[in-house]
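Asker: Single-letter residue listing:
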Amino acid sequence: MSYQSGNPLVDEVEFALDGPWAAYWIAFLRVVTGWWFFHAGITKIIENGLSFTYGSAYMQGMSGTALGGIPVWMGNNLAWLIEPGVPLFETLIGLALIAGAFTRLAAFGGVIFMTLFWVGNAGFGNGLVNSDFMGLLLFMTMIVLAAGRYYGLDAVIEKLDVVEQHPKLRYLLG
Amino acid sequence: MTDIIDKAAMALSAGLMLLGTVGLGIVEILAGAPYSPVPITNEAGDVVATPLISPQIRTGIVLAGIAVLGLYAAYKIVTPLAEDAKAGHETVAD
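Residue numbers (the numbering used here), protein chains in the order written: chain A, 1 to 174; chain B, 1001 to 1094.
Just so you know, the hints here were simulated from the structure itself, not pulled from any lab data. Mixed in with the good hints there might be a few duds.
Claimed, not checked - Where chain A lies over chain B, by a calculated footprint (3+ residues, C-beta under 8 Å):
| id | stretch |
| --- | --- |
| 1 | 1018-1025 |
| 2 | 1028-1041 |
Said to hold, decoys possible - Each computed SDA-like pair below joins lysine to any residue, with the alpha-carbon atoms no more than 20 Å apart:
| id | chain 1 | residue 1 | chain 2 | residue 2 |
| --- | --- | --- | --- | --- |
| 3 | B | 1076 | A | 159 |
| 4 | B | 1007 | A | 29 |
| 5 | B | 1076 | A | 20 |
| 6 | B | 1007 | A | 89 |
| 7 | B | 1076 | B | 1064 |
| 8 | B | 1007 | B | 1050 |
| 9 | B | 1007 | B | 1082 |
| 10 | B | 1007 | B | 1057 |
| 11 | B | 1007 | A | 24 |
| 12 | B | 1076 | A | 151 |
| 13 | B | 1007 | A | 27 |
| 14 | B | 1007 | A | 23 |
| 15 | B | 1007 | A | 21 |
| 16 | B | 1007 | A | 159 |
| 17 | B | 1007 | A | 167 |
| 18 | B | 1076 | A | 19 |
| 19 | B | 1076 | A | 22 |
| 20 | B | 1076 | A | 21 |
| 21 | B | 1076 | A | 23 |
| 22 | B | 1076 | B | 1030 |
| 23 | A | 159 | A | 29 |
| 24 | B | 1076 | A | 24 |
| 25 | B | 1007 | B | 1047 |
As the list claims (entries may be wrong) - So the derived list for chain A, only partly shown, Cβ under 7 Å to chain B, looks like this:
| id | residue |
| --- | --- |
| 26 | 24 |
| 27 | 32 |
| 28 | 35 |
| 29 | 39 |
| 30 | 43 |
| 31 | 151 |
Glycine included, C-beta positions come from ideal geometry on N, C-alpha and C.
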């Protein structure tokens, strides 16, 4: 809840996402975003199992980006993690978002993926704001709006005793 | 009455959009390669496998869901505001 007064550009604004259309739309976006990643992950698993060798090769080629030498180092040294991790984490991130469980944690993983895609694909022919960046913003939106609380399992998980006793767990849920 | 139309618009639009993307996407995966709605070609460029459901059908279903939202928007524009309606400060997008 934010209540701002004294700013003529804002007026009295209270963001409470209890409006039926807001909840509907956030839940819909969450499921579609989850399906996007689930499809990407599960089809890699079907076709190549947990050995997505293109992942490490892709990162080895990510030189000269804003991330410096990190992706190339990862591609050279973390192939053991990247090759099973890309299909596995894409699938799990997708499932979590579809179900609305551990939404913020899963969406954080999506942010990592989309950051690498946005910078690595470097499809900037029509400007920096491209579809990769829009995907990155979608995952960030899931985190900001705690999208799992709307028609998602996090609405239930957040009422569990363990979460009530450790409210900071909500930063991973929502 | 308005509440019923709201809920119907939500259910129908989300149902159609999710059917076109997720629902038929699951069917496409279960049907085997290609897992995305694009044909598979060999090195000679010949099509060796086609999607079970054409992308025209799937995108058409999604667009129908979007059209439902468009119709709902048109409905809201042409119907008078409720007497107790006011500028919404307490909720967004209502």
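Asker: Each of the hints needs a verdict: does it hold here or not?
Answerer: Hints, one by one, checked against the model:
no.	hint	verdict
1	1018-1025	holds (count 4)
2	1028-1041	holds (count 4)
3	1076/B with 159/A	violated, 36 Å
4	1007/B with 29/A	holds, 17 Å
5	1076/B with 20/A	holds, 15 Å
6	1007/B with 89/A	violated, 35 Å
7	1076/B with 1064/B	holds, 18 Å
8	1007/B with 1050/B	violated, 37 Å
9	1007/B with 1082/B	holds, 17 Å
10	1007/B with 1057/B	violated, 25 Å
11	1007/B with 24/A	holds, 10 Å
12	1076/B with 151/A	violated, 25 Å
13	1007/B with 27/A	holds, 15 Å
14	1007/B with 23/A	holds, 12 Å
15	1007/B with 21/A	holds, 9 Å
16	1007/B with 159/A	violated, 27 Å
17	1007/B with 167/A	violated, 33 Å
18	1076/B with 19/A	holds, 16 Å
19	1076/B with 22/A	holds, 16 Å
20	1076/B with 21/A	holds, 13 Å
21	1076/B with 23/A	holds, 19 Å
22	1076/B with 1030/B	violated, 40 Å
23	159/A with 29/A	violated, 23 Å
24	1076/B with 24/A	holds, 17 Å
25	1007/B with 1047/B	violated, 44 Å
26	24	holds, 5 Å
27	32	holds, 6 Å
28	35	holds, 5 Å
29	39	holds, 6 Å
30	43	holds, 4 Å
31	151	violated, 10 Å
Of the hints listed earlier, those the structure fails to meet are numbers 3, 6, 8, 10, 12, 16, 17, 22, 23, 25 and 31, in rising order.
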